[in-house]
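What follows is each chain in one-letter form.
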Amino acid sequence: MTRRHSGRWGKWLVAGPPLVYLFVFFAIPALIMVVASFRTPGDFGGLAPLVGADGEIDLNLESYTRFFEDALYAQIFVKSFWYALATTLICLVLAYPLATLIANSERRRRDLLLLLVILPFWSNFLIRIYAWMIILGPNAALARTLNGVLGAFGQEPVSLLFSAFAVLVCLVYVHLPFMVLPLYANLEKHDQALLDAAQDLGANGWQRFWRITFPLSLPGVYAGSALVFIPAFGIFAIPDILGGPDDSLIGNVIKQQFLETRDWPFGSVLSIVLTASALAFAALAAWVGRRGVGRLAAGDA
Amino acid sequence: MAHLEIVDVTRRFGDFLAVDRVTLSIAVGEFFTLLGPSGCGKTTLLRMIAGFDQPDGGRILLDGKDLADLPPEERPVRTVFQSYALFPHMTVQGNVAFPLKMAKTPPAEIPAKVAQMLEGVRLSGFAGRFPHELSGGQRQRVAIARALVTHPTLLLLDEPLAALDAKLREEMQIELINLQRDVGITFVYVTHDQTEALALSHRIAVMNKGRVEQVDEPDRLYSFPRTRFVADFIGTCNLLAGPVTDTTDGVATIAVSNLGPVVVAAGVAPAQGAAGAVALRPEKVRLAAPGTAAAAANRFAGTITGFLYQGDVTMYMVRAAQGHPMEALLANSASGLAKFFEVGDAVEMSWPADAGHYVEDETR
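Keeping their order, the protein sequence lines are chains R and H.
Residue 207 in numbering that gives the first Met the number 0 is what sits at position 208 of the first sequence, and the numbering runs on without skipping anything.
Residue 240 in numbering that gives the first Met the number 0 is what sits at position 241 of the second sequence, and the numbering runs on without skipping anything.
Please keep in mind that the hints were generated in silico from the structure rather than gathered at the bench.
Computed from a predicted structure; not experimentally measured.
Errors might be hidden in some of the hints.
What the hints assert, rightly or not - Not everything, but these chain H residues come out facing chain R in the computed CB check (under 8 Å):
{"no.": "1", "residue": "Phe80"}
{"no.": "2", "residue": "Thr104"}
{"no.": "3", "residue": "Pro281"}
{"no.": "4", "residue": "Lys283"}
{"no.": "5", "residue": "Phe306"}
{"no.": "6", "residue": "Gly310"}
As the list claims (entries may be wrong) - Computed spacing ranges between beta-carbons, pair by pair:
{"no.": "7", "chain 1": "H", "residue 1": "Asp65", "chain 2": "R", "residue 2": "Ile134", "range": "27 to 37 Å"}
{"no.": "8", "chain 1": "R", "residue 1": "Val77", "chain 2": "H", "residue 2": "Arg128", "range": "52 to 62 Å"}
{"no.": "9", "chain 1": "R", "residue 1": "Asn203", "chain 2": "H", "residue 2": "Asn177", "range": "45 to 55 Å"}
{"no.": "10", "chain 1": "R", "residue 1": "Asn203", "chain 2": "H", "residue 2": "Asp55", "range": "52 to 62 Å"}
{"no.": "11", "chain 1": "R", "residue 1": "Val92", "chain 2": "H", "residue 2": "Asn177", "range": "28 to 38 Å"}
{"no.": "12", "chain 1": "R", "residue 1": "Gly6", "chain 2": "H", "residue 2": "Pro75", "range": "22 to 32 Å"}
{"no.": "13", "chain 1": "H", "residue 1": "Phe129", "chain 2": "R", "residue 2": "Val92", "range": "26 to 36 Å"}
{"no.": "14", "chain 1": "R", "residue 1": "Trp205", "chain 2": "H", "residue 2": "Pro75", "range": "55 to 65 Å"}
{"no.": "15", "chain 1": "R", "residue 1": "Val92", "chain 2": "H", "residue 2": "Arg128", "range": "52 to 62 Å"}
{"no.": "16", "chain 1": "H", "residue 1": "Ser24", "chain 2": "R", "residue 2": "Val92", "range": "31 to 41 Å"}
Backbone N, C-alpha and C define an ideal beta-carbon position, used for all residues, glycine too.
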């Protein structure tokens with residue numbers, strides 16, 4: 000066996016298991032879902048037989064038609080999009096200074112700070128969401144203080160829990176580490192000599208940030224934004240637990256279709272549209288971003 | 000007129016005295032070099048001139064104006080960094096335009112200025128390239144163009160040629176000399192490479208352990224080193240140390256152990272009994288077969304222990320009869336043969352009294 004051949008074999012040996020795993024547990028289920036989206040819901044939930052009593056294969060566009068005819072679903076999609084976008088932007092604004100601080104800390108403190116960032120992962124996701132029920136609850140210090148102040152100005156008390164506010168706060172809380180870590184990984188590699196050079200060439204603090212640090216951190220910004228936006232777009236647990244009746248997002252509707260209404264074809268349609276729109280948005284963001292970097296690079300920005 | 004004045008500048012890092020009461024005066028249009036081994040404080044001093052570091056004591060004046068309160072971005076000083084520090088996300092055009100934008104140059108004037116600068120460093124046609132698409136020498140020239148485009152009066156260069164290979168370094172040295180002459184601005188150049196310093200500079204300050212040992216023109220520094228450190232650091236040198244046993248008529252005799260009494264014409268008459276050394280350049284030592292040496296103030300027998308053939312010259316390692324190691328450099332042009340001596344040959348070393356140079360043997 001030639002060396003080249005053994006090298007190729009080695010490559011497949013290493014890449015094989017994850018590829019098989021992805022094929023079996025991602026590609027095949029995704030394909031099943033695509034097929035399901037064209038099938039007819041069963042009388043008692045699930046799917047009707049693929050081959051009907053008349054011997055015809057039963058594939059149709061009914062679920063898609065339903066989706067595009069009812070504006071309600073589009074509205075929920077748009078609402079989910081805004082929640083995810085707001086979450087991403089708030090995470091970015093909060094994470095950037097934190098990642099900068101960590102990247103600029105001395106070695107030992109840096110490790111400690113990184114540990115603190117990932118510490119929330121050590122407890123269960125749902126437990127952390129339930130914890131917010133207590134923090135935002137009507138008898139907690141936060142709500143009491145706020146309503147006390149509002150009362151002093153003669154305003155009606157408000158409920159923090161079961162609101163859009165609660166959903167957004169928790170979305171940001173849950174996704175913040177996913178923004179901090181890629182940003183940190185990027186910022187940590189920055190060369191101090193570039194900032195020294197910029198300063199030497201007459202750039203003040205803001206100019207150094209906007210013209211050097213920020214453009215060079217864009218790969219980290221994109222990575223973090225994708226890691227936050229995509230899961231936030233499809234999330235259902237947080238609106239379920241912390242949201243009010245009007246705060247249902249597309250994730251909740253999908254969950255409802257599969258578990259409660261048991262309309263699998265329609266649930267599949269919603270899932271496919273969710274995945275497709277998340278990918279489309281990511282591609283658009285990358286394209287806009289590349290153009291922006293191109294302009295910066297040419298020195299026109 | 001003094002362009003840059005460094006007055007009694009000191010910088011401490013904890014217990015470590017990085018720069019120790021340095022005073023220098025650099026003239027307008029001068030190519031001035033700070034030369035010394037790593038850790039001698041030359042880069043710290045440069046960073047204080049650029050404004051990245053603050054002196055603990057002393058003052059830095061540019062055109063008579065104290066720079067202490069000016070942050071780096073407001074100093075009329077530019078730096079060429081050792082790593083070049085080109086902005087990787089900008090093209091050559093973007094890099095060179097950067098300081099112009101920071102200086103609020105009208106956007107309409109920028110392209111012409113950048114083009115003119117790139118022409119000056121022979122990089123016309125490279126404006127659209129990114130730094131990673133350039134060779135080391137080209138990056139170097141972009142860094143210089145970027146630093147000079149706003150016409151600063153003072154350019155600081157921090158080991159700018161250290162990352163280049165030998166051949167390219169020599170070319171860039173010549174380019175730097177021409178460039179400095181053409182633009183006529185003051186260069187303060189930091190290097191640990193004595194050959195580079197000698198080749199480029201109008202004047203050199205040799206630094207050691209945070210202090211300036213000697214400031215002089217290259218030829219004077221080489222021929223008349225004032226301290227043992229300078230003699231040893233600049234070029235290669237036989238250092239013949241010992242107590243001064245006699246001084247008469249400006250000629251001192253030094254008792255060098257393992258060699259014998261060495262006679263040297265001392266410019267400054269050293270006190271008798273003082274510890275001194277004779278700095279003797281290898282090219283000043285003559286080698287001859289025993290008994291054939293011409294009359295000279297210093298004559299010692301020895302044996303060849305090795306040699307380094309370098310093409311134009313050969314460096315011979317000689318052990319004196321009493322054991323002192325010596326080096327002698329002979330030009331091969333003087334002989335039709337490839338070399339004069341073989342290992343094991345007995346030779347006679349000789350040099351006149353004015354060939355060596357008396358240096359203070361102070362060990363700080």
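Evaluated hints:
Interface hint status for phenylalanine 80/H: upheld, as the beta-carbon distance to the closest one in chain R is roughly 5 Å, under 8 Å. Proximity of threonine 104/H to chain R is violated relative to the hint, the smallest CB-CB distance being about 11 Å (cut-off 8 Å). With 8 Å as the threshold, the beta carbon of proline 281/H stays out of range of chain R, its nearest partner Cβ sitting at about 39 Å, so the hint is violated. At its closest, the beta carbon of lysine 283/H sits 43 Å from a beta carbon of chain R; the interface hint therefore is violated under the 8 Å criterion.
Annotation: interface hint on phenylalanine 306/H violated; nearest CB of chain R at approximately 43 Å, more than 8 Å. Hint status for glycine 310/H relative to chain R: violated, with the closest Cβ pair at about 38 Å, above 8 Å. For the pair aspartate 65/H and isoleucine 134/R, the beta carbons lie near 55 Å from each other, so the given range of 27 to 37 Å is not met. Between valine 77/R and arginine 128/H the Cβ separation comes to about 44 Å, which falls outside the hinted range of 52 to 62 Å.
Against the hinted window of 45 to 55 Å, the Cβ-Cβ separation of asparagine 203/R and asparagine 177/H comes to about 34 Å, which falls outside the hint. For the hinted restraint 52 to 62 Å between asparagine 203/R and aspartate 55/H, the CB-CB distance of approximately 26 Å leaves it violated. Distance hint check for valine 92/R and asparagine 177/H: the Cβ-Cβ separation is about 51 Å, which falls outside the suggested range of 28 to 38 Å. Evaluation of the 22 to 32 Å hint for glycine 6/R and proline 75/H yields a failure: the beta carbon distance comes to about 58 Å.
Taking 26 to 36 Å as the suggested C-beta distance range, the pair phenylalanine 129/H and valine 92/R conforms, at roughly 30 Å. One distance hint, 55 to 65 Å for the beta-carbon pair tryptophan 205/R and proline 75/H, is violated here, with the actual separation near 21 Å. For valine 92/R and arginine 128/H, the Cβ-Cβ distance of about 35 Å falls outside the hinted range of 52 to 62 Å, so the restraint is violated. Between serine 24/H and valine 92/R the C-beta distance comes to about 51 Å, which lies outside the given range of 31 to 41 Å.
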